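K.L.:
Order-wise, the sequence lines are chains E and C.
So the number in this note's numbering is just where the residue sits in the first sequence, counting from 1, plus 28.
So the number in this note's numbering is just where the residue sits in the second sequence, counting from 1, plus 699.
Everything labelled a hint here was simulated from the structure, so no lab data went into it.
The structure displayed is predicted, hence computed values, not measured ones.
Built from N, CA and C at the ideal position, the CB exists for glycine as well.
Some hints could be false.
[Unchecked claim] One-sided and incomplete, this derived list gives chain C residues near chain E with beta-carbon spacing under 10 Å:
id, residue
1, Ser776
2, Lys779
3, Pro791
4, Phe798
5, Phe799
6, Arg813
7, Phe841
8, Pro846
9, Leu897
10, Ser903
11, Leu909
12, Asn910
13, Leu1004
14, Asp1008
15, Thr1087
16, Leu1089
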Amino acid sequence: MSVQASPTLFMASASAAVAALSDVITFKRVARLGEDALRRPTGSEMWARAVHLCLRAAARGRRGFTSKADPQGSGRVTGELIQHLERLSLVDFGSQEAVARLEKAIAFADRLRAVNTDGVEPMESVLEDRCLYLRSDNVVEGNCAEELLQNSHRVVEEYFVAPPGNISWSKLDEKQPFPHH
Amino acid sequence: MAAPMLRWCCPGRRFAFARVGCGSCHRRGPPTGSTSNGKRGQSTVAQQPHITAQKPRKGEREWAAVVGLEIHAQIASNSKLFSGSQVHFAAPPNSLVSFFDASLPGTLPVLNRRCVEAAVMTGLALDCHINRKSLFDRKHYFYADLPAGYQITQQRLPIAVNGSLAYSVSVGRKPSQMVTRTVRVKQIQLEQDSGKSLHDDLRSQTLIDLNRAEGQLRVDANISVHRPGEPLGVRTEVKNLNSARFLARAIDYEIQRQINELENGGEILNETRSFDYKLGCTVPMRDKEGKQDYRFMPEPNLPPLLLYDSGSLPPGADPQQVIDIDRLRERLPELPRVTRERLVRQYGMLPEHSCALLNEVGLLEFFQSVIKETRAEPKKVTSWVLNTFLGFLKQQNLAVSESPVTPSALAELLDLLDRKAISSSAAKQVFEELWRNEGKTPAQIVAEKKLELLQDLEALEQLCRSTLEAHPHVVMDLKRGNPRAINKLIGLVRKATLGRADPTAIKEVLERQLSS
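Work out the full structure: start from the sequences and follow the hints.
P.N.:
This is how it looks when you write it as structure tokens:
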């Protein structure tokens, strides 16, 4: 699943940006997750758009994406914020070039501020006018453990196998040889 | 991982208590942060422990503890909250997992109607305001048992808010010293459960089972202390407490730990701790890295959940697709508070008895079955059920459902007692026999052991007279004014009747004979 294909990851990271800007968060440096296992494509325009929308939202408050004439700051994304976003979203910015690209994309998306949304209710989701379908409480699926377990790289007796805690496999493999099944 | 969960947050009142040896009280706590809810009809707020507050020593200022509970209760439904796979515990790992539960790309959540009904009914039972519109959100964090990388929950606008629960707690040594307390329910929300992780430290791996449906009731406690009048202190979260007793102990310990820390000039970290059952203390959890940012966002795949009442039901709507709050309110069973009040009114029992009857699973039904079948007075039934029956159960650590004595058997026994066919001590003996579950009825046991009360008044009179004659010095003692001499005489007559005479009857006859 690539980052570019997932708008939700962008939005998720964007709200992290909101959090970072609207609160004063001091966080410790956390061991970076194994880069090899987790390298993702670097910042894209979609990413930046979402980040920017949320950065604007931060000026007014956490929720919604309506605009108010609140001038944004310099538009610089600090190193601290990048670290925070990387840790939360597992998106690797990799290089200073990527960060610069992100800032340019934020500036590009800034043009959305030109839209006047006074008196317009924030949209909750694109489905907000649809009916939420209610399913009857019947058992109609499941029982496909074998099929599902085929997706997993490692399996032990019908359990998926994951590394302990939130440490990647590659970091573990560096430390000790992993017994292959 | 769509096992349906209900979560609710209970803020309580603040309570001031002095330094040492104080119990804890459930107070208001800001329950922010992780939500998890389980769904299950049986959810209870933990019982208040016995409170022993000491007066603060001179010069010492008081501390107030603030406690909030996050209760995760699993909903009793056939299928999961967002998928059609089964909800069942102790199934082979990953056998109850659908493609959605495994978070395979392209799968979408589909809301289970029964879970919504359960959430609404819980909200109604806890006196909450039901939100006609509630929203679903995503809460993001990375963990191996959360394959999607997020959990669907209701953070912005949950299904029910602002409820309360009144409960009784004993405040003194005597069971009759009870007070009523109220705890506020901040909100109730529907949310997914995560999977189950088994940590294999030996091989540095974690085994993941995405079935869920484990741990039907879990509680996390948020605890902080502060001086009354000052702002709230930093809170810690104590996670995954599975029984009311451990919950109370963990909270007590944590309150004391925080007080000690602050009084020694230290500071409280906003951290997550777990309770070490063996050591009886809370310890920091290794895994947590500072403050979590869950990056809440609206769940893009679920429209808002709309609920209706009989006044607002859209005409011609498919009944399967709309939820009528008023209909659900009608379907609510009798709530415990109402039951307790009814028992006191109907049977004249004390409030603490009605509490006791409702505190044991199945006991109320047992009691009501006995009442139906026996002619004995309700007070007698209450006493036998709560003292003798419950006593035997507790002694052998049995549930009501495992009792060897059926309601019919007890009813028959109480009938015999009521008819004065046997004495109350004989009845106790019969009960012991019944408990041995050898298939005999009370009547059979009475006949076998010859426990019937002596009905022949003539014979009793005869026995009394002969006893009096055989023990002139005791009679002398009695005439001299020793009140205990009569008991000796009664005992002697009872022995002579082989325990088959009622002591009160004997006393009556003796006194009559002595006065003549």
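K.L.:
All hints are to be evaluated individually against the structure, with a verdict given for each.
P.N.:
Results for each hint:
{"no.": "1", "hint": "Ser776", "in the structure": "holds (5 Å)"}
{"no.": "2", "hint": "Lys779", "in the structure": "holds (9 Å)"}
{"no.": "3", "hint": "Pro791", "in the structure": "holds (6 Å)"}
{"no.": "4", "hint": "Phe798", "in the structure": "holds (8 Å)"}
{"no.": "5", "hint": "Phe799", "in the structure": "holds (8 Å)"}
{"no.": "6", "hint": "Arg813", "in the structure": "holds (4 Å)"}
{"no.": "7", "hint": "Phe841", "in the structure": "holds (6 Å)"}
{"no.": "8", "hint": "Pro846", "in the structure": "holds (8 Å)"}
{"no.": "9", "hint": "Leu897", "in the structure": "holds (7 Å)"}
{"no.": "10", "hint": "Ser903", "in the structure": "holds (5 Å)"}
{"no.": "11", "hint": "Leu909", "in the structure": "holds (7 Å)"}
{"no.": "12", "hint": "Asn910", "in the structure": "holds (9 Å)"}
{"no.": "13", "hint": "Leu1004", "in the structure": "holds (5 Å)"}
{"no.": "14", "hint": "Asp1008", "in the structure": "violated (17 Å)"}
{"no.": "15", "hint": "Thr1087", "in the structure": "violated (42 Å)"}
{"no.": "16", "hint": "Leu1089", "in the structure": "violated (36 Å)"}
Violation of the numbered hints given earlier is confined to hints 14, 15, 16; the remaining hints are satisfied by the structure.
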